[in-house]
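Undergrad: One-letter residues, chain by chain:
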Amino acid sequence: MAKTNPGRFFEDYRVGDVIEHAVPRTVSGGERALYHALYPARHALYSSDEFARRCGLPASPLDDLAAFHVVFGKTVPDVSLNALANLGYAEGRWLKPVWPGDTLRSTSEVIGLKQNSNGKSGVVWVRTRGENQRGEVVMDYVRWVMVRKHDMDAPAPETLIPELKPALEASDLVVPEGLDFSDYDFTLAGEPHRWGDYEVGELIDHVDGVTVEEAEHMMATRLWQNTAKVHFDVTAREDGRRLIYGGHVISMARALSFNGLANAQMIVGLNGGAHANPCYGGDTIRAWSEVLDKAETPAPGVGAIRLRLVATKGGEPFTRKGDDGKYLPHVMLDLDYWALIPV
Amino acid sequence: MAKTNPGRFFEDYRVGDVIEHAVPRTVSGGERALYHALYPARHALYSSDEFARRCGLPASPLDDLAAFHVVFGKTVPDVSLNALANLGYAEGRWLKPVWPGDTLRSTSEVIGLKQNSNGKSGVVWVRTRGENQRGEVVMDYVRWVMVRKHDMDAPAPETLIPELKPALEASDLVVPEGLDFSDYDFTLAGEPHRWGDYEVGELIDHVDGVTVEEAEHMMATRLWQNTAKVHFDVTAREDGRRLIYGGHVISMARALSFNGLANAQMIVGLNGGAHANPCYGGDTIRAWSEVLDKAETPAPGVGAIRLRLVATKGGEPFTRKGDDGKYLPHVMLDLDYWALIPV
Amino acid sequence: MAKTNPGRFFEDYRVGDVIEHAVPRTVSGGERALYHALYPARHALYSSDEFARRCGLPASPLDDLAAFHVVFGKTVPDVSLNALANLGYAEGRWLKPVWPGDTLRSTSEVIGLKQNSNGKSGVVWVRTRGENQRGEVVMDYVRWVMVRKHDMDAPAPETLIPELKPALEASDLVVPEGLDFSDYDFTLAGEPHRWGDYEVGELIDHVDGVTVEEAEHMMATRLWQNTAKVHFDVTAREDGRRLIYGGHVISMARALSFNGLANAQMIVGLNGGAHANPCYGGDTIRAWSEVLDKAETPAPGVGAIRLRLVATKGGEPFTRKGDDGKYLPHVMLDLDYWALIPV
Numbered sequence: 001m002a003k004t005n006p007g008r009f010f011e012d013y014r015v016g017d018v019i020e021h022a023v024p025r026t027v028s029g030g031e032r033a034l035y036h037a038l039y040p041a042r043h044a045l046y047s048s049d050e051f052a053r054r055c056g057l058p059a060s061p062l063d064d065l066a067a068f069h070v071v072f073g074k075t076v077p078d079v080s081l082n083a084l085a086n087l088g089y090a091e092g093r094w095l096k097p098v099w100p101g102d103t104l105r106s107t108s109e110v111i112g113l114k115q116n117s118n119g120k121s122g123v124v125w126v127r128t129r130g131e132n133q134r135g136e137v138v139m140d141y142v143r144w145v146m147v148r149k150h151d152m153d154a155p156a157p158e159t160l161i162p163e164l165k166p167a168l169e170a171s172d173l174v175v176p177e178g179l180d181f182s183d184y185d186f187t188l189a190g191e192p193h194r195w196g197d198y199e200v201g202e203l204i205d206h207v208d209g210v211t212v213e214e215a216e217h218m219m220a221t222r223l224w225q226n227t228a229k230v231h232f233d234v235t236a237r238e239d240g241r242r243l244i245y246g247g248h249v250i251s252m253a254r255a256l257s258f259n260g261l262a263n264a265q266m267i268v269g270l271n272g273g274a275h276a277n278p279c280y281g282g283d284t285i286r287a288w289s290e291v292l293d294k295a296e297t298p299a300p301g302v303g304a305i306r307l308r309l310v311a312t313k314g315g316e317p318f319t320r321k322g323d324d325g326k327y328l329p330h331v332m333l334d335l336d337y338w339a340l341i342p343v
Numbered sequence: 001m002a003k004t005n006p007g008r009f010f011e012d013y014r015v016g017d018v019i020e021h022a023v024p025r026t027v028s029g030g031e032r033a034l035y036h037a038l039y040p041a042r043h044a045l046y047s048s049d050e051f052a053r054r055c056g057l058p059a060s061p062l063d064d065l066a067a068f069h070v071v072f073g074k075t076v077p078d079v080s081l082n083a084l085a086n087l088g089y090a091e092g093r094w095l096k097p098v099w100p101g102d103t104l105r106s107t108s109e110v111i112g113l114k115q116n117s118n119g120k121s122g123v124v125w126v127r128t129r130g131e132n133q134r135g136e137v138v139m140d141y142v143r144w145v146m147v148r149k150h151d152m153d154a155p156a157p158e159t160l161i162p163e164l165k166p167a168l169e170a171s172d173l174v175v176p177e178g179l180d181f182s183d184y185d186f187t188l189a190g191e192p193h194r195w196g197d198y199e200v201g202e203l204i205d206h207v208d209g210v211t212v213e214e215a216e217h218m219m220a221t222r223l224w225q226n227t228a229k230v231h232f233d234v235t236a237r238e239d240g241r242r243l244i245y246g247g248h249v250i251s252m253a254r255a256l257s258f259n260g261l262a263n264a265q266m267i268v269g270l271n272g273g274a275h276a277n278p279c280y281g282g283d284t285i286r287a288w289s290e291v292l293d294k295a296e297t298p299a300p301g302v303g304a305i306r307l308r309l310v311a312t313k314g315g316e317p318f319t320r321k322g323d324d325g326k327y328l329p330h331v332m333l334d335l336d337y338w339a340l341i342p343v
Numbered sequence: 001m002a003k004t005n006p007g008r009f010f011e012d013y014r015v016g017d018v019i020e021h022a023v024p025r026t027v028s029g030g031e032r033a034l035y036h037a038l039y040p041a042r043h044a045l046y047s048s049d050e051f052a053r054r055c056g057l058p059a060s061p062l063d064d065l066a067a068f069h070v071v072f073g074k075t076v077p078d079v080s081l082n083a084l085a086n087l088g089y090a091e092g093r094w095l096k097p098v099w100p101g102d103t104l105r106s107t108s109e110v111i112g113l114k115q116n117s118n119g120k121s122g123v124v125w126v127r128t129r130g131e132n133q134r135g136e137v138v139m140d141y142v143r144w145v146m147v148r149k150h151d152m153d154a155p156a157p158e159t160l161i162p163e164l165k166p167a168l169e170a171s172d173l174v175v176p177e178g179l180d181f182s183d184y185d186f187t188l189a190g191e192p193h194r195w196g197d198y199e200v201g202e203l204i205d206h207v208d209g210v211t212v213e214e215a216e217h218m219m220a221t222r223l224w225q226n227t228a229k230v231h232f233d234v235t236a237r238e239d240g241r242r243l244i245y246g247g248h249v250i251s252m253a254r255a256l257s258f259n260g261l262a263n264a265q266m267i268v269g270l271n272g273g274a275h276a277n278p279c280y281g282g283d284t285i286r287a288w289s290e291v292l293d294k295a296e297t298p299a300p301g302v303g304a305i306r307l308r309l310v311a312t313k314g315g316e317p318f319t320r321k322g323d324d325g326k327y328l329p330h331v332m333l334d335l336d337y338w339a340l341i342p343v
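Chains as they are written, first to last, in this note's numbering: chain A, 1 to 343; chain B, 1 to 343; chain C, 1 to 343.
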């Protein structure tokens with residue numbers, strides 16, 4: 001057993017450690033096709049090379065969330081194999097589009113540690129960077145997880161809680177080079193609603209639902225080379241159920257949000273996110289959004305919109321937390337992100 | 001909710017309207033691989049670039065039915081979101097092969113309207129055209145659907161029932177440029193039977209069966225960006241079952257027909273089709289064919305064969321309708337098409 | 001029914017027959033993406049073009065087992081449609097990598113025959129070769145199957161049992177042209193263990209498990225154009241269960257073996273293999289390995305390691321056969337192969 005990876009435990013992390021994650025990955029048209037088979041993805045910029053060219057890009061990039069999943073997947077064996085909970089995300093930025101043929105790799109820097117008062121686990125903050133084969137950072141984000149200790153006698157590290165922005169400023173966002181929405185085709189995009197048509201505070205029920213299957217979430221999770229046992233092995237948890245990778249719920253909800261947000265084309269910022277309740281095979285995922293903020297960008301015709309995306313199974317749309325401030329049981333995801341949209 | 005697409009209702013259609021459907025789609029080797037993973041597709045011309053070259057084409061095109069599904073899928077949000085029934089197809093023609101890298105878009109012209117006598121719904125006929133990025137029409141077909149009215153007080157439109165050919169003539173068929181079966185390799189194609197070996201009236205039981213799974217039909221239907229709720233959401237119908245996209249049954253039956261019709265390589269005409277009974281996850285699809293007609297084409301070595309393709313779940317092969325002229329309950333599909341086959 | 005393929009029966013084989021199998025297949029990035037979606041495949045050389053280049057190859061080839069499945073799948077309609085059992089493999093060699101864009105075809109030569117004493121069936125040995133579009137043999141292997149007789153009165157052929165090596169010698173192995181592990185990146189590969197770190201007799205429990213779904217194994221098996229009814233049709237067997245293609249278990253176990261054997265990058269030899277017990281949807285596959293042998297190769301930095309790979313469902317790791325010499329009921333696969341690993 002000495003040769004297999006036991007994962008890292010809380011006491012194995014030191015602030016400042018940089019972990020180079022294994023198994024780089026070259027993506028192709030195959031990943032794009034699979035992404036569209038696994039999610040009802042319809043944002044035109046990721047569906048059509050011609051549409052992407054009309055928006056100033058050389059071709060249709062890999063879906064923004066697919067890029068996130070690839071970068072994230074590589075971190076799992078080093079960061080979350082012994083995680084008790086995935087606590088949050090912050091300061092996520094998409095810095096360069098990922099093109100078919102690109103090879104992605106990930107590194108994570110430990111930027112915070114805090115042992116829990118029970119002495120049996122602690123919280124680890126990492127800033128993860130995804131790089132392409134030219135050494136360009138294509139995205140980075142912070143996430144924090146609660147990790148078990150293995151050696152309960154290991155001393156508690158000095159507590160360091162990193163300062164993280166509650167949300168990215170519009171000026172933090174990076175618009176892909178060349179992006180230009182001044183000749184945007186709203187007909188082909190599928191909806192007429194532009195930046196100016198959305199108001200802060202507006203709520204959108206995305207109407208459609210998808211009942212998820214075990215084969216689908218496992219195929220998705222494997223495609224991103226995410227190895228966490230709980231997604232694949234019915235014997236890994238006491239209840240005999242496979243827990244669906246939280247990223248599957250993110251992608252499903254984002255794809256469903258096309259209906260009402262068809263022009264929120266590219267995700268460029270991840271302000272925060274909570275996997276509020278687990279998702280299992282057989283659940284029917286629905287989604288609603290709230291407009292949290294709007295901003296201008298320097299790119300021609302390109303505005304930014306900050307959205308809350310909530311994925312639910314059952315329950316009334318637009319309900320999120322109870323009177324006690326806790327997530328209601330039907331809420332699976334509460335994501336806060338910035339997207340680019342034609343003005 | 002104002003921003004989501006409610007779909008069109010019967011009173012929203014006018015004869016002569018041209019609807020430009022959204023979300024163009026670039027296809028790649030990923031779509032081909034997925035098509036072969038979802039269906040037991042073995043027609044050699046769509047499986048091997050080398051085989052396609054020996055048949056005079058520059059490479060293996062996207063499967064003819066995959067091209068159909070992409071073109072069709074784009075029409076769903078505008079044509080069949082509020083459809084009560086998909087009533088028929090006519091005058092379908094494949095005009096140009098679709099190659100990896102091509103981007104497809106669809107437009108539909110309303111060519112007929114007839115309000116039902118109950119005043120609550122009506123029949124809409126559309127002629128849909130799929131175009132590639134060079135503006136070439138790659139296929140066109142007529143389909144008609146029964147659509148709900150939303151405003152029951154909307155006046156009935158003038159009835160116009162388009163004149164449609166009961167079947168395409170051989171002279172209507174377009175043989176792909178360069179196609180030449182004079183050096184056709186029957187061994188690599190998988191069967192020795194050529195055009196001359198089939199007789200009008202001949203019946204072929206394709207023997208094999210495939211039990212279909214929810215994950216598969218949803219992946220297929222999403223890949224074509226078909227958004228009809230009933231295929232994905234167990235809460236969309238009273239019986240809690242997901243209705244399988246009729247096109248999934250078409251592709252499954254066509255793939256099964258390889259066994260007996262391995263040389264009926266390319267579909268070039270769709271004369272008509274009925275989705276006789278619904279298909280659900282767990283059903284085992286089988287298929288049989290009847291030779292309806294044969295014709296010559298001007299292309300070297302290329303003949304045309306008109307086939308009835310029937311997909312069933314259970315029941316005796318070659319049974320189709322009862323004494324009352326209605327489809328028997330085990331019949332799911334009755335399709336009438338022209339294919340190209342070596343003489 | 002005369003036009004469909006009934007498959008060959010025992011009396012239809014003659015020693016020396018060469019069967020050219022139908023339906024050549026062009027592979028692309030789509031097959032790679034699907035392979036990674038269907039199996040938790042993480043060997044870096046098949047995941048990253050950049051990693052493959054650092055190992056002296058022009059790009060990442062199609063996964064070695066995917067190449068095997070494509071070549072194998074073509075033989076099914078001619079060799080195993082009426083097979084009662086897949087008895088064994090020997091002398092399998094990977095001779096050339098398969099690249100995206102390559103087109104594969106297969107031929108099999110009958111090299112042995114032995115009628116069973118009951119007169120109702122017999123064993124057929126074939127040597128199968130997979131060729132690319134340049135006529136280069138990319139792999140060859142021997143397999144033997146028990147096939148039903150159709151005409152019980154057909155005379156028994158002369159018995160010929162081919163002499164087969166119990167295992168390939170290291171000198172039989174073909175290292176891909178250009179392969180060079182002297183600048184191998186162990187960090188990106190995922191584990192530090194090199195050739196010198198493994199000892200003959202060493203046992204490795206690969207820890208992880210995957211619960212398999214019907215949709216997945218059917219998609220995989222179709223992708224390889226394997227048409228055996230028992231994998232797809234619940235009515236094909238009396239118990240109403242779909243038997244999972246043995247190759248699905250091989251690929252799943254090999255992918256799981258990454259955890260402990262991440263550097264056993266390329267499979268180059270197949271010494272033998274037994275599908276000890278059937279696998280069904282819902283089974284949870286685990287794997288363990290035993291180091292059987294080690295050898296040097298002439299390629300820079302490249303060693304060879306001979307491994308036993310055992311796939312199980314339940315049961316204790318490292319158990320394989322009972323006191324009676326028979327496989328224990330939880331053992332599904334016992335495979336003996338050579339892989340290339342950095343020294």
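For the record, the hints were derived by calculation from the structure and aren't laboratory data.
Ideal Cβ positions, reconstructed from N, Cα and C, are used throughout, including at glycine.
Hints are supplied without guarantee of correctness; some may be wrong.
Straight-line C-alpha distance at most 25 Å; calculated SDA-like pairs for lysine to any residue [claimed, not checked]:
1) 294(C) / 149(C)
2) 229(C) / 334(B)
3) 149(A) / 202(A)
4) 326(A) / 186(A)
5) 3(C) / 194(B)
6) 3(C) / 200(B)
7) 3(B) / 295(A)
Far from chain B by the CB rule (all over 10 Å, computed), these chain A residues [said to hold, decoys possible]:
8) 7
9) 38
10) 330
Undergrad: At 10 Å, judged by beta carbons, does residue 7(A) keep clear of chain B as stated?
TA: Holds, because the least Cβ-Cβ distance between residue 7(A) and chain B comes to about 29 Å, which exceeds 10 Å.
Undergrad: Sort out whether residue 149(C) lies within 25 Å of residue 294(C), counting only the CA atoms.
TA: 42 Å, violated
Undergrad: Could you grab the alpha-carbon distance between residue 229(C) and residue 334(B) and see if it respects the 25 Å cut-off?
TA: 24 Å, holds
Undergrad: Are residue 3(C) and residue 194(B) close enough, with their CA atoms no more than 25 Å apart?
TA: The given pair, whose Cα atoms are some 11 Å apart, holds under the 25 Å limit.
Undergrad: Can you confirm whether the C-alpha distance between residue 3(B) and residue 295(A) stays at or below 25 Å?
TA: OK: residue 3(B) and residue 295(A) at ~20 Å, within 25 Å.
Undergrad: Residue 330(A): least C-beta distance to chain B exceeds 10 Å?
TA: 13 Å, holds
Undergrad: Residue 38(A): least C-beta distance to chain B exceeds 10 Å?
TA: 7 Å, violated
Undergrad: Does residue 200(B) sit within 25 Å of residue 3(C), going by the straight-line distance between their CA atoms?
TA: 15 Å, holds
Undergrad: CA of residue 326(A) to CA of residue 186(A), is that 25 Å or under?
TA: This hinted pair is violated, its Cα atoms lying about 39 Å apart.
Undergrad: Starting from residue 149(A), check that the Cα of residue 202(A) is at most 25 Å away, please.
TA: 44 Å, violated
Figure legend: structure checked against the earlier numbered hints; hints not met, in rising order: 1, 3, 4, 9.
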